[in-house]
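In this note's numbering, the protein residues as written are 1247 to 1554.
It should be emphasised that the hints constitute simulated quantities derived from the structure, not laboratory data. Small disclaimer: the values here were computed from a predicted structure and weren't measured. The beta carbon of each residue, even a glycine, is placed where N, CA and C say it ideally should be. Certain hints may be false.
Computed list of lysine-lysine pairs in DSS-like fashion (alpha-carbon distance at most 30 Å, straight line) [said to hold, decoys possible]:
{"#": "1", "residue 1": "Lys1440", "residue 2": "Lys1393"}
{"#": "2", "residue 1": "Lys1378", "residue 2": "Lys1337"}
{"#": "3", "residue 1": "Lys1461", "residue 2": "Lys1393"}
{"#": "4", "residue 1": "Lys1337", "residue 2": "Lys1366"}
{"#": "5", "residue 1": "Lys1440", "residue 2": "Lys1383"}
{"#": "6", "residue 1": "Lys1461", "residue 2": "Lys1410"}
{"#": "7", "residue 1": "Lys1393", "residue 2": "Lys1413"}
{"#": "8", "residue 1": "Lys1393", "residue 2": "Lys1383"}
{"#": "9", "residue 1": "Lys1410", "residue 2": "Lys1383"}
{"#": "10", "residue 1": "Lys1478", "residue 2": "Lys1516"}
{"#": "11", "residue 1": "Lys1410", "residue 2": "Lys1378"}
{"#": "12", "residue 1": "Lys1342", "residue 2": "Lys1399"}
{"#": "13", "residue 1": "Lys1380", "residue 2": "Lys1428"}
{"#": "14", "residue 1": "Lys1366", "residue 2": "Lys1329"}
{"#": "15", "residue 1": "Lys1342", "residue 2": "Lys1366"}
{"#": "16", "residue 1": "Lys1348", "residue 2": "Lys1383"}
{"#": "17", "residue 1": "Lys1348", "residue 2": "Lys1440"}
{"#": "18", "residue 1": "Lys1399", "residue 2": "Lys1483"}
{"#": "19", "residue 1": "Lys1391", "residue 2": "Lys1378"}
{"#": "20", "residue 1": "Lys1391", "residue 2": "Lys1483"}
{"#": "21", "residue 1": "Lys1413", "residue 2": "Lys1380"}
{"#": "22", "residue 1": "Lys1428", "residue 2": "Lys1478"}
{"#": "23", "residue 1": "Lys1516", "residue 2": "Lys1492"}
{"#": "24", "residue 1": "Lys1329", "residue 2": "Lys1378"}
{"#": "25", "residue 1": "Lys1440", "residue 2": "Lys1378"}
{"#": "26", "residue 1": "Lys1428", "residue 2": "Lys1483"}
{"#": "27", "residue 1": "Lys1337", "residue 2": "Lys1410"}
{"#": "28", "residue 1": "Lys1393", "residue 2": "Lys1428"}
{"#": "29", "residue 1": "Lys1380", "residue 2": "Lys1393"}
{"#": "30", "residue 1": "Lys1428", "residue 2": "Lys1342"}
{"#": "31", "residue 1": "Lys1440", "residue 2": "Lys1399"}
{"#": "32", "residue 1": "Lys1399", "residue 2": "Lys1413"}
{"#": "33", "residue 1": "Lys1383", "residue 2": "Lys1428"}
Beta-carbon label-pair distances, calculated as ranges [to be verified]:
{"#": "34", "residue 1": "Tyr1350", "residue 2": "Lys1410", "range": "21 to 27 Å"}
{"#": "35", "residue 1": "Asp1447", "residue 2": "Asp1313", "range": "33 to 39 Å"}
{"#": "36", "residue 1": "Pro1521", "residue 2": "Ala1481", "range": "27 to 33 Å"}
{"#": "37", "residue 1": "Glu1515", "residue 2": "Tyr1350", "range": "42 to 48 Å"}
{"#": "38", "residue 1": "Arg1338", "residue 2": "Ile1512", "range": "28 to 34 Å"}
{"#": "39", "residue 1": "Glu1454", "residue 2": "Glu1371", "range": "38 to 44 Å"}
{"#": "40", "residue 1": "Ala1356", "residue 2": "Ser1510", "range": "36 to 42 Å"}
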Amino acid sequence: RMAQGQGGEGGEEVNPMGMMGPMAMMMMMQCNPMMANFAGMMRAQQGLQKEEPPPKEEPKEEAIDPDVQELGDYYNIEDRWIKRLDETMRKRRDTKEQDLAKLYEVLERARSPTGLLTVKIGEMESGQFVGKVKPDKDVERLARKFKLDERVKSRLTEVAVRLKDSKDMHLERLEQHLTYSKHPNAMATLLAGKLLEHEVDELPDLREAEQVMEKFRLDEDARSKLREIVEKRAADKSEVLGTVRKHLEASSHPSAMLCRIARSLIDGEKLDDPPERRPPPGPTGGSERDRERGYDYGRDRDRSRDRS
1247 RMAQGQGGEG GEEVNPMGMM GPMAMMMMMQ CNPMMANFAG MMRAQQGLQK EEPPPKEEPK
1307 EEAIDPDVQE LGDYYNIEDR WIKRLDETMR KRRDTKEQDL AKLYEVLERA RSPTGLLTVK
1367 IGEMESGQFV GKVKPDKDVE RLARKFKLDE RVKSRLTEVA VRLKDSKDMH LERLEQHLTY
1427 SKHPNAMATL LAGKLLEHEV DELPDLREAE QVMEKFRLDE DARSKLREIV EKRAADKSEV
1487 LGTVRKHLEA SSHPSAMLCR IARSLIDGEK LDDPPERRPP PGPTGGSERD RERGYDYGRD
1547 RDRSRDRS
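Please model the complete structure; the sequences and the hints are all you need to start from.
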């Protein structure tokens, strides 16, 4: 029985110290210092075993989204940028399909797909990236009118989506400028880029310039130049158009005059007012050079009568 009590039925060892009552334990420790040391060591060992934290499991790295990996493989993108794109796309799950469609579209034309992708990831992270969206009816109308290609149409659609609060105004101004451009595709790309990159808040209104075009019956080249003048001098366009009017009124050939002064105005120069236009020759005849020299044809006629 004693052996059974010490070993237990299951053969487990029993701590003899644990079988004593608290008072008996205390008396034994007082009588035997070695016993006290042994008990302290046992308690310390048990405490260490309890305090030891369980081993931490290392977080498992999420696998790259197969669709993201496919895009990376298609354009031979570096692994680190595929991973960065995947991390960014996980925050844009609702627009994943549109985002990937847009990336395929823009990377297809890129000389350096990896370089452009880094830019687009930055746009995603800053909330500026717009995935492929449904065609806009107003953009479609402009595309048909000016025969814009798909790439430009996509850019204008981006304007309509990202600047939707003032979409109508932006598209109306774009239409004005494209009307007087000889290269609508290039002009649309340039102007849309300025709006999307916030280089300008809005394009200048051309209605005042159109009045000048009609009044002086400017030809195609002159109208194109006047559009460019207004774009470059948007901050003081009314003053500049006033200067243009004065020069055209003083000229017998307004279109040629406009083309002559255009570069100076585009470069920001301030032109002096032109001299007043001279009246046409009177009934007395004679050339303009003779009149400038003060030649008096009336006096000539009087002399002829006296001789007769």
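For this session: Take a look at whether the Cβ-Cβ distance between Ala1356 and Ser1510 falls inside 36 to 42 Å.
Result: Distance hint for Ala1356, Ser1510 holds at roughly 39 Å.
Exercise. Is the distance from the Cβ of Tyr1350 to the Cβ of Lys1410 consistent with 21 to 27 Å?
Worked result: Holds, at about 24 Å.
For this session: Go ahead and decide if the range 42 to 48 Å is satisfied by the Cβ distance of Glu1515 to Tyr1350.
Result: Since the Cβ atoms of Glu1515 and Tyr1350 sit about 47 Å apart, the hinted range of 42 to 48 Å holds.
Problem set entry | 30 Å Cα cutoff - pair Lys1440, Lys1383 | holds, 22 Å
For this session: Would you check the hint for Lys1428 and Lys1483, treating anything up to 30 Å between C-alpha atoms as holding?
Result: Given that 30 Å is the threshold and the Cα spacing comes to 22 Å, the pair holds.
Exercise. Taken at face value, is the distance from the CA of Lys1380 to the CA of Lys1413 at most 30 Å?
Worked result: holds, 15 Å
Exercise. Regarding the pair Lys1399 and Lys1483, is the alpha-carbon distance no greater than 30 Å?
Worked result: At roughly 29 Å apart (the allowed maximum being 30 Å), Lys1483 and Lys1399 satisfy the hint.
For this session: Assess, step by step, whether the Cα of Lys1348 is no farther than 30 Å from the Cα of Lys1440, and give holds or violated.
Result: Holds, because 20 Å separates the two Cα atoms, which is no more than 30 Å.
Exercise. Holds or violated: Lys1378 with Lys1337, Cα cutoff 30 Å?
Worked result: holds, 17 Å
Exercise. Can the restraint linking Lys1337 and Lys1410 be considered satisfied, given a maximum Cα separation of 30 Å?
Worked result: holds, 23 Å
For this session: Take the C-alpha atoms of Lys1393 and Lys1413, compute the straight-line distance between them, and say whether it is at most 30 Å.
Result: holds, 20 Å
Exercise. Does the structure keep Lys1461 and Lys1410 at a Cα separation of 30 Å or less?
Worked result: violated, 35 Å
In summary, the numbered hints that this structure violates are 6, 30 and 38.
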